[in-house]
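The listed protein sequences derive, respectively, from chains A and B. Each residue of the first sequence is one higher than the one before, starting from 0 at the first, in numbering that gives the first Met the number 0. Each residue of the second sequence is one higher than the one before, starting from 0 at the first, in numbering that gives the first Met the number 0.
Each hint should be verified, as a subset may be incorrect.
What the hints assert, rightly or not - Computed, partial: chain A to chain B, Cβ under 7 angstroms: (1) R97; (2) L99; (3) M122; (4) Y125; (5) E196.
As the list claims (entries may be wrong) - Coverage of chain B stretches by chain A, computed from C-beta distances (three or more under 8 angstroms per stretch; other residues unrestricted): (6) 232 to 240; (7) 339 to 349.
Hints are computed from structural coordinates only; laboratory data are not their basis. This structure is a prediction, so every number in the text was calculated from the model and none was measured. Note that CB positions come from ideal geometry on N, CA and C, so glycine has one too.
Protein chains: 2
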Amino acid sequence: MSEVSQELIRSAMAGKGLDALVCALPMHVLMLTGYWPIMANSIAIFTAKEVELIVPADEVENARAYTSIPLHAFEPAALDRLVNPVHAVTEPLIARLRALGLEHARIGHESEQFLQPASYLTMNLYNSALAQCIEKVFPEVKLQSADRMLEELKARKTERTLARLRRGCEVAKHAFLNGVKAIEPGYTERIVASLFELEHSRSCKGQPFDRVESFFFCMSGPNSGQADSAYARTRHRLIDSGDLVMVHCNCSYDGWWTDITRTFVAGAIRPEYQKMRDAIARARDAALAAIRPGATGREVDRAARQVLERAGYGPNFTHGAGHGVGYAAANPDGRPRIHPCSDDVLEEGMTFNLEPAIYFKGRYGMRHCDMVAITARGAELLTDF
Amino acid sequence: MSEVSQELIRSAMAGKGLDALVCALPMHVLMLTGYWPIMANSIAIFTAKEVELIVPADEVENARAYTSIPLHAFEPAALDRLVNPVHAVTEPLIARLRALGLEHARIGHESEQFLQPASYLTMNLYNSALAQCIEKVFPEVKLQSADRMLEELKARKTERTLARLRRGCEVAKHAFLNGVKAIEPGYTERIVASLFELEHSRSCKGQPFDRVESFFFCMSGPNSGQADSAYARTRHRLIDSGDLVMVHCNCSYDGWWTDITRTFVAGAIRPEYQKMRDAIARARDAALAAIRPGATGREVDRAARQVLERAGYGPNFTHGAGHGVGYAAANPDGRPRIHPCSDDVLEEGMTFNLEPAIYFKGRYGMRHCDMVAITARGAELLTDF
Chain A
0 MSEVSQELIR SAMAGKGLDA LVCALPMHVL MLTGYWPIMA NSIAIFTAKE
50 VELIVPADEV ENARAYTSIP LHAFEPAALD RLVNPVHAVT EPLIARLRAL
100 GLEHARIGHE SEQFLQPASY LTMNLYNSAL AQCIEKVFPE VKLQSADRML
150 EELKARKTER TLARLRRGCE VAKHAFLNGV KAIEPGYTER IVASLFELEH
200 SRSCKGQPFD RVESFFFCMS GPNSGQADSA YARTRHRLID SGDLVMVHCN
250 CSYDGWWTDI TRTFVAGAIR PEYQKMRDAI ARARDAALAA IRPGATGREV
300 DRAARQVLER AGYGPNFTHG AGHGVGYAAA NPDGRPRIHP CSDDVLEEGM
350 TFNLEPAIYF KGRYGMRHCD MVAITARGAE LLTDF
Chain B
0 MSEVSQELIR SAMAGKGLDA LVCALPMHVL MLTGYWPIMA NSIAIFTAKE
50 VELIVPADEV ENARAYTSIP LHAFEPAALD RLVNPVHAVT EPLIARLRAL
100 GLEHARIGHE SEQFLQPASY LTMNLYNSAL AQCIEKVFPE VKLQSADRML
150 EELKARKTER TLARLRRGCE VAKHAFLNGV KAIEPGYTER IVASLFELEH
200 SRSCKGQPFD RVESFFFCMS GPNSGQADSA YARTRHRLID SGDLVMVHCN
250 CSYDGWWTDI TRTFVAGAIR PEYQKMRDAI ARARDAALAA IRPGATGREV
300 DRAARQVLER AGYGPNFTHG AGHGVGYAAA NPDGRPRIHP CSDDVLEEGM
350 TFNLEPAIYF KGRYGMRHCD MVAITARGAE LLTDF
């Protein structure tokens, strides 16, 4: 993990009077240690001087490939006993807290609501189990919510993280460029999504990512018109000639998430689609021009929204123009929030998506979602295609 | 939702002195209401007489397709304000608890550790936010952990659930039967997994499932030898002629999960593979013969393990012979646990996987994982292929 980021974390901890952070949500473990846990039962301990990871024995090899910090293994399963998953992990947790001299510490932890991207098809959730255990064993410890601090820390990426996101976007780009031939009338949305995934798998070959999770969605015709919900959905609908076909992808590369949408036409483009496409392209350009360190989320949103409003699509752009991505996808709380009410201030190294869109409920919709990084002077487009 | 299951839930609640259950983990919302939430921010309230669901506005239509219980919508996003996800949901939660007369109730909730399958690529986690809110607004309410009760309730499926799991296994079967042609030397594991997913998408056509999530994994050669970890992993490895190629799938059909593995050979089968295959088939048959209501998990595990031990593979069968599936996949805590130390008693309507396997670390591995339902007299094999 880059030193810059460790400094940021330690400075935030000092600002809150925290001696340590203890986190188990995979996105936070990734931020604190560089390792993206699989089963979500790993625990990161981050102090003013040390970073350690408690990890299930069957993930030690994976973790070692990503980080050089001390790893402490626990046995998540055995044949000679039924393992209690909380007991298995709290034994080394207690031992490490003691070894690090944290018996009386002020410890920041994950307390309330988060949006956590899937690290695997099933995830371990400790809920209140870790906090309860720490409080019971170390009555002198002060547990304090680190929720907001963690959300804000995730906004700024190191150069190393940016390099990975850039590369991830490059892989996804090839899936989009090659997948487009799958958009044929007569295919179902599900088949189209699968064909994009297949192209994505081909694009992964030779890339430096060990763990790739890809989620492609296809929403066609009227289904694209309701794609402004919090989630994307692929259905069984048959694609028809002349349909708008929205393809959305969230792919994860060693834990770094992308958030990209393109909207295609199955067949010849109609004039009303061309008009929408032009307006969305101009909205995007206006937003890109507004991005610079010091600008607020609301200013960037305004730049995009104004273009769509003037083109007559104001009521059809039903969500914010973007949100932070990288440690998470599909998280409207991700910093910076590019939203009409957001005072979030853009800083160099932040990454977010930019998603101008036009939805006509019951008819069709179009979205163009890019990934953007904030540079010293403006915006770097990570999805230049 | 079937009445039988509601009776079971209410009888379990009565046994614990609970007036209500308040659950937000998607697997529990599914069990209590029939709806498999997408963003995982829905909340089910289950009392002695009522079942209600608090659901984000953009999922109401989805939820309505699955359940006829009262739905109470909240707005998870807006343009005129930055919505706090906890405030958005706790307003209707407080109102409904009041309307249902639960201000002084004993309420069971999700307290500590669970394994939750992914309802979407990102999931809302409330952690302690709901409990804190309830305790603050209703100081007379007694919150009580319902963790163990919920885990046990998930074991017994209704006839309707069984019908869905049967159908899901049928869809997955076609993906396996058609996907096998993808197992060719020269393909990467990732391409093979994608080709199985594509076949799975084809199999879904015309099926009654609205929401299907499919996760196929391919582990070949030495990678199959370490497939005894808690998770499956697809890598970039090129499949070589003569490799064992393990294909594992966890697919979800409207929230009902399957757990299936088959091991193929890329090319001609070697004698040592044939010997393993025979032993695994006999282990499976022995386990199936041991399954009946009243038998324990350890007896079924013993039946399979004994065959593998006698064939000389004892040390190579490194995990339990199975675990409950349906509401979850890849959950070794799923009831009934088919494990050397499990006293879980099999009952009609329970479903689990049966996964005799032989692993040679660093060399190769073979697993045959079936889905099984317990009938009045024995076992029904849901994956008869």
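With a cut-off of 8 angstroms between beta carbons, are at least three residues of the region 339 to 349 of chain B near chain A?
holds (count 3)
Using Cβ atoms only, decide whether E196/A comes closer than 7 angstroms to chain B, and label the hint accordingly.
Because about 6 angstroms separates E196/A from the closest Cβ in chain B, which is inside the 7 angstroms limit, the hint holds.
Y125/A was flagged as interface toward chain B. Is the shortest Cβ-Cβ separation under 7 angstroms?
Where the cut-off is 7 angstroms and the nearest Cβ of chain B is about 5 angstroms from Y125/A, the hint holds.
Interface hint status, R97/A versus chain B (Cβ within 7 angstroms):
At 22 angstroms from the nearest chain B Cβ, R97/A fails the 7 angstroms test, so the hint is violated.
Chain B contact restraint on M122/A - CB to CB distance below 7 angstroms
Holds, because the Cβ-Cβ distance from M122/A to chain B comes to roughly 6 angstroms (cut-off 7 angstroms).
Any CB of chain B closer than 7 angstroms to the CB of L99/A?
L99/A check fails; min Cβ-Cβ to chain B is 23 angstroms, beyond 7 angstroms.
Check, residue by residue, whether the region 232 to 240 of chain B contains three or more positions whose beta-carbon lies closer than 8 angstroms to a beta-carbon of chain A, and give the verdict.
Holds, because 3 residues of the region 232 to 240 of chain B bring their Cβ atoms closer than 8 angstroms to Cβ atoms of chain A.
Of the numbered hints given earlier, the model fails hints 1, 2; all others are met.
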